[in-house]
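**Student:** Residue numbers (our numbering): 4 to 216.
Derived by calculation from the structure, the hints in this document are not laboratory data. Computed from a predicted structure; not experimentally measured. Keep in mind that the hints are not guaranteed to be accurate.
[Stated by the list, open to error] Calculated lysine-lysine pairs in the DSSO-like style (CA-CA distance at most 30 Å, straight line):
#: 1; residue 1: Lys117; residue 2: Lys85
#: 2; residue 1: Lys117; residue 2: Lys48
#: 3; residue 1: Lys119; residue 2: Lys48
#: 4; residue 1: Lys119; residue 2: Lys45
#: 5; residue 1: Lys117; residue 2: Lys45
#: 6; residue 1: Lys39; residue 2: Lys119
#: 7; residue 1: Lys117; residue 2: Lys39
[Unchecked claim] Label-pair distances were calculated between CB atoms; the ranges are:
#: 8; residue 1: Val55; residue 2: Leu14; range: 47 to 53 Å
#: 9; residue 1: Phe62; residue 2: Ala123; range: 16 to 22 Å
#: 10; residue 1: Phe163; residue 2: Tyr76; range: 49 to 55 Å
#: 11; residue 1: Val55; residue 2: Leu128; range: 34 to 40 Å
#: 12; residue 1: Ala123; residue 2: Phe75; range: 23 to 29 Å
#: 13; residue 1: Leu127; residue 2: Gly86; range: 28 to 34 Å
#: 14; residue 1: Pro56; residue 2: Lys117; range: 43 to 49 Å
Heads up, the beta-carbon is just placed ideally off N, CA and C, and yes, glycines get one too.
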Amino acid sequence: MGFGYLVLGMLVWLNPVYAGFTEWLAYTLILTGCSKLSPYGKGFKLSTYIGVPGLILSFANFILCGADILGFYSYHGSSLYKGIMLSLLICTFALRVTMLCGVYQITSETGIDKLKIRSAYCILLYSFLFVFDILQTTRLIAATSIGFCIVLFGTLIVGFICFFLLFACLRMIVLEDDRDDIELPAEKGKKESWWQKIKKMSEEDVSDNTDRR
């Protein structure tokens, strides 16, 4: 299930990065989840395209950090490493924004205004934090420890909000009542909701696996 991979990916992404491994693992999980959810939102489809170069860059970062730990290569002051990290920063920003747009699209279809408003706040807040971080990195504004702490804690707040939004969507799918599969006379001709489509697809996969056994 796509939302399950996204929830796990966001949970890994919120952990401290150690030698680039957690970032690469988070990219793998989130890219898998976005590819499964791409038919249900343009934001997830864009996230799938953006996640591929991000996955490659995060793996390259993991390799360089591992080589530095083992003493085969020193990335300190390396222009190659700086280029990889800058490209990875841009890919990470684009991936998170497109994923948040996909979450906003799906939460808006639930009809729950609270989820929709939180999704919009996530997009605006993360965009502000990214611009602020770039201005500090390029020294267009004074880089201070307070500024970097603002970016760090702000990104964590956005990550936790996005995690709970994804978890809320996942809970809606898991706890969906069986009565939703019954088409009432008043609901005939009504467009099938996105979680009903995902639930039906999951049930078809389970039935296919059972028939094969």
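**Student:** Please go over all the hints and tell whether each is borne out by the structure.
**Tutor:** Against the structure, the hints:
1. At most 30 Å may separate the alpha-carbon atoms for a hinted pair to count; Lys117 and Lys85 exceed this at roughly 40 Å.
2. A threshold of 30 Å between alpha carbons decides the hint, and for Lys117 with Lys48 the separation of about 24 Å falls inside it, so the pair holds.
3. Pair hint Lys119 plus Lys48 holds up; C-alpha atoms about 20 Å apart against a cutoff of 30 Å.
4. As the CA atoms of Lys119 and Lys45 are separated by approximately 16 Å, the hinted pair is consistent with the 30 Å bound.
5. For the suggested pair Lys117 and Lys45, the alpha carbons sit about 22 Å apart, so the restraint of at most 30 Å is met.
6. Between Lys39 and Lys119 the CA atoms are separated by roughly 22 Å; this keeps the pair inside 30 Å, and the hint holds.
7. Restraint check: the Cα-Cα separation between Lys117 and Lys39 comes to about 25 Å, which is no more than 30 Å; the hinted pair holds.
8. Range check, Val55 to Leu14: Cβ separation about 22 Å, and the 47 to 53 Å hint is violated.
9. For Phe62 paired with Ala123, a C-beta distance near 32 Å fails the hint of 16 to 22 Å.
10. At roughly 35 Å, the beta-carbon separation of Phe163 and Tyr76 lies outside the given 49 to 55 Å, and the hint is violated.
11. At about 26 Å, the beta-carbon gap between Val55 and Leu128 misses the expected band of 34 to 40 Å.
12. Against the hinted window of 23 to 29 Å, the Cβ-Cβ separation of Ala123 and Phe75 comes to about 46 Å, which falls outside the hint.
13. About 29 Å separates the C-beta atoms of Leu127 and Gly86, a value consistent with the hinted range of 28 to 34 Å.
14. Between Pro56 and Lys117 the CB atoms are about 34 Å apart, so this pair departs from the stated range of 43 to 49 Å.
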